[in-house]
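J.: One letter stands for each residue in the lines below.
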Amino acid sequence: MGNDFLEVTHDKFVFRVRKDYLYHPEECWAKEENGLIIIGVTDFLQKTVGDVAFLELPEAGAELAREGEAGTMETIKTSVMLISPVGGIIKEVNGGLDENPQLINTDPYGEGWLFKIVPGDWEGDKKFLLDAQTYFPKMEAKIREEMAKK
Amino acid sequence: MRKKVVLLPCSGIGKAYGEMGRQAIYELIEDFGTEEVTTTCLARLMIEDPDTKDLVQGNTVITVDGCAKDCARKNVEFTGKAVDRALRVIDIFKDNRALKPEGILKLGEPGFKLVHMLAQKLKEEVEQARGKGKGDA
Amino acid sequence: MLDQFKQVKVGVIPCNGEEICEGTLTRFACRKVLDLLRPHDTVTLCLPLFISGDKGEQNFAKTFPTITVDGCEKRCSQKSTERLSGRPRHAIVVSELLKERSLQPPRSRRTLEEKDQAAIDLVAEEIAKKVDEILKNG
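Protein chains in written order, with our numbering: chain A, 12 to 161; chain B, 6 to 142; chain C, 29 to 166.
Bound conformation, chain A alone (with noise of 0.2 Å):
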């Protein structure tokens, strides 16, 4: 499990990030698999906004555009407008998260995955993401200006 991931320990909190996706500014990630790209939210947001008690994702069959909305997830302390970081059609949504959201909290990198699209141009869309080498610093900058906000 050590090798599979990049992290930073600040305070308490062990913010992780997966060596083998790529991410987009708006703290999410995907993966492609077997010809489709799955989607989910970074470790870091998770940890920012608290426990997931809510959320609306679009339904399969559903069109977006490359970081079109793509639903909300709600927690006690805020609302987060999420979006899909690469264009296509839905082919699955994590039925799992619609008894349990809070996979996303337990686990935002493997069980909390929120849904599967059918990319309509992955090796264009690609391009716009970064991967975890590059994502990373980028991650400690925004922990460190949280940290300042207190």
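Note that these hints are calculated values from the structure, not bench results. In this text the structure is predicted, and so the values were computed from the model without any measurement. Treat the hints with care, as some may be off.
[What the hints assert, rightly or not] With a straight-line Cα cutoff of 27 Å, these simulated DSSO-like cross-link-like pairs (lysine-lysine) come out: (1) B/Lys-86 x A/Lys-88; (2) C/Lys-90 x A/Lys-153; (3) A/Lys-42 x A/Lys-160; (4) A/Lys-153 x C/Lys-60; (5) C/Lys-60 x B/Lys-111; (6) C/Lys-83 x A/Lys-160; (7) B/Lys-99 x B/Lys-128; (8) C/Lys-107 x B/Lys-79; (9) A/Lys-42 x A/Lys-102; (10) C/Lys-164 x B/Lys-86; (11) A/Lys-58 x B/Lys-9; (12) B/Lys-79 x B/Lys-128; (13) A/Lys-160 x B/Lys-86; (14) B/Lys-58 x C/Lys-83; (15) A/Lys-88 x C/Lys-90; (16) B/Lys-79 x C/Lys-83; (17) B/Lys-79 x A/Lys-58; (18) C/Lys-164 x C/Lys-143; (19) B/Lys-111 x C/Lys-164; (20) B/Lys-126 x B/Lys-79; (21) B/Lys-8 x A/Lys-88; (22) C/Lys-157 x B/Lys-111; (23) B/Lys-79 x C/Lys-90; (24) B/Lys-86 x C/Lys-107; (25) C/Lys-157 x A/Lys-160; (26) A/Lys-88 x B/Lys-118; (27) C/Lys-107 x B/Lys-58; (28) A/Lys-153 x C/Lys-83; (29) A/Lys-58 x C/Lys-90; (30) A/Lys-88 x A/Lys-102; (31) A/Lys-58 x B/Lys-99; (32) A/Lys-58 x B/Lys-111; (33) C/Lys-164 x A/Lys-160; (34) B/Lys-111 x A/Lys-160; (35) C/Lys-83 x A/Lys-149; (36) B/Lys-126 x B/Lys-8; (37) C/Lys-107 x A/Lys-160; (38) C/Lys-83 x A/Lys-30.
Since the structure of chain A is provided, determine the placement of chains B and C on it from the hints.
T.: Just chains B and C now, kept in the frame of chain A:
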């Protein structure tokens, strides 16, 4: 002698849920009276305080956790006792979206409305647990 | 890759005990330290999470200095911290502190009254003082 129901909140200090669970339990204890329903310190159980261990082992236990980390439930199970019911405060919030506590400890009016709803839910759980014969030794 | 931000912070671990009013007092006093008195120097560790084995909480307590704040002489927070992560740098027992300073404990574990603010302030100041000592002496 009829078994008591022991309510154990996680009582975390990092989120409002901990305070909500605690307050709901206090509200319920005032309704029922401590001969029927009681609480004790989760931490005392974990340091193996003998009186606390006896209380938990010998009675019906309902845990009230703030979130999916389920600390109260896990801590009780770690002592070898299976909890009779496990609740999560966040589930009350899910049914009452418009109500958000104002602070972590100072919940404010909306927070205490949620507390009251949680106390009502707990009351149902307590009555169910007692009604199923778990109240009798 | 594991990296750590270099600033030393002090972990404050209240007992949060439900059974007595001093447990309620530990919560309010600790939050005052975290939110107002020493917001950039302290972190709270959640005792139930800590005990249930959360690596984040336990690793912090092994790496950084801690102050336990117990409501009573059972010292649940202190004992748990010693068992799981090592001795805290300071251990405060609220019931003893109130007695020393001739302050009455709160009457209710459910709500604290205005008159209890003096007790909250006393405990919070004591925690803050200990934080300062730790950061000054290393």
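J.: All the hints need checking, so say for each whether the structure fits it.
T.: Status of each hint after checking the structure:
Distance check on the hinted pair: B/Lys-86 and A/Lys-88 sit about 34 Å apart at the alpha-carbon level, beyond 27 Å; violated. About 26 Å separates the Cα atoms of C/Lys-90 and A/Lys-153, which keeps this hinted pair within 27 Å; it holds. A distance of roughly 32 Å separates the Cα atoms of A/Lys-42 and A/Lys-160; the hinted pair therefore is violated under the 27 Å criterion. Between A/Lys-153 and C/Lys-60 the alpha-carbon distance is near 26 Å, which keeps this suggested pair within the 27 Å criterion.
Taking the CA atoms of C/Lys-60 and B/Lys-111, the gap is near 12 Å; set against the 27 Å cutoff, the hint holds. Using a Cα cut-off of 27 Å, the hinted pair C/Lys-83 and A/Lys-160 holds, with the two alpha carbons roughly 26 Å apart. For the hint linking B/Lys-99 to B/Lys-128, the alpha-carbon distance of about 19 Å falls within 27 Å, and the restraint holds. As the CA atoms of C/Lys-107 and B/Lys-79 are separated by approximately 19 Å, the hinted pair is consistent with the 27 Å bound.
Of the pairs offered as hints, the one joining A/Lys-42 and A/Lys-102 holds, with about 14 Å between alpha carbons and a cut-off of 27 Å not exceeded. The suggested pairing of C/Lys-164 with B/Lys-86 is violated, with an alpha-carbon distance near 45 Å, which exceeds 27 Å. Simply put, A/Lys-58 and B/Lys-9 have alpha-carbon atoms about 38 Å apart, too far for the 27 Å limit, and the pair is violated. Distance hint between B/Lys-79 and B/Lys-128 is fulfilled; the C-alpha atoms sit about 22 Å from each other, no more than 27 Å.
Taking the CA atoms of A/Lys-160 and B/Lys-86, the gap is about 43 Å. The hint is violated against a cut of 27 Å. Taking the CA atoms of B/Lys-58 and C/Lys-83, the gap is about 26 Å. The hint holds against a cut of 27 Å. A distance of roughly 30 Å separates the Cα atoms of A/Lys-88 and C/Lys-90; the hinted pair therefore is violated under the 27 Å criterion. With a C-alpha separation of about 15 Å, the suggested pair B/Lys-79 and C/Lys-83 falls inside the 27 Å cut-off, and the hint holds.
In summary, the hint linking B/Lys-79 to A/Lys-58 is supported, as the alpha carbons are separated by about 22 Å, within the 27 Å threshold. Distance hint between C/Lys-164 and C/Lys-143 is unfulfilled; the C-alpha atoms sit about 33 Å from each other, more than 27 Å. The hinted pair formed by B/Lys-111 and C/Lys-164 fails the criterion: a straight-line CA distance of about 32 Å is larger than 27 Å. Distance restraint check for B/Lys-126 and B/Lys-79: the Cα-Cα separation of roughly 21 Å lies within the 27 Å cut-off, and the hinted pair is therefore satisfied.
With a C-alpha separation of about 39 Å, the suggested pair B/Lys-8 and A/Lys-88 falls outside the 27 Å cut-off, and the hint is violated. Straight-line distance between C-alpha atoms of C/Lys-157 and B/Lys-111 comes to about 25 Å, which keeps the hinted pair within the 27 Å bound. Our distance criterion of 27 Å between C-alpha atoms is met by B/Lys-79 and C/Lys-90, whose separation comes to about 22 Å. Annotation: proposed proximity of B/Lys-86 to C/Lys-107 holds, straight-line Cα distance about 21 Å (limit 27 Å).
Distance check on the hinted pair: C/Lys-157 and A/Lys-160 sit about 24 Å apart at the alpha-carbon level, within 27 Å; holds. About 17 Å separates the Cα atoms of A/Lys-88 and B/Lys-118, which keeps this hinted pair within 27 Å; it holds. With a C-alpha separation of about 16 Å, the suggested pair C/Lys-107 and B/Lys-58 falls inside the 27 Å cut-off, and the hint holds. Annotation: proposed proximity of A/Lys-153 to C/Lys-83 holds, straight-line Cα distance about 23 Å (limit 27 Å).
Between the alpha carbons of A/Lys-58 and C/Lys-90 the distance comes to roughly 22 Å, so the proposed pair stays at or under 27 Å and holds. Taking the CA atoms of A/Lys-88 and A/Lys-102, the gap is near 31 Å; set against the 27 Å cutoff, the hint is violated. With a C-alpha separation of about 19 Å, the suggested pair A/Lys-58 and B/Lys-99 falls inside the 27 Å cut-off, and the hint holds. Restraint check for A/Lys-58 and B/Lys-111: the C-alpha separation of about 22 Å stays at or below 27 Å, so the hint holds.
This hinted pair checks out: C/Lys-164 and A/Lys-160 have alpha carbons roughly 24 Å apart, not beyond 27 Å. A threshold of 27 Å between alpha carbons decides the hint, and for B/Lys-111 with A/Lys-160 the separation of about 21 Å falls inside it, so the pair holds. Our distance criterion of 27 Å between C-alpha atoms is met by C/Lys-83 and A/Lys-149, whose separation comes to about 25 Å. Under the criterion of a C-alpha separation no larger than 27 Å, the hint pairing B/Lys-126 with B/Lys-8 is consistent with the structure, at around 20 Å.
Of the pairs offered as hints, the one joining C/Lys-107 and A/Lys-160 is violated, with about 34 Å between alpha carbons and a cut-off of 27 Å exceeded. Taking the CA atoms of C/Lys-83 and A/Lys-30, the gap is near 21 Å; set against the 27 Å cutoff, the hint holds.
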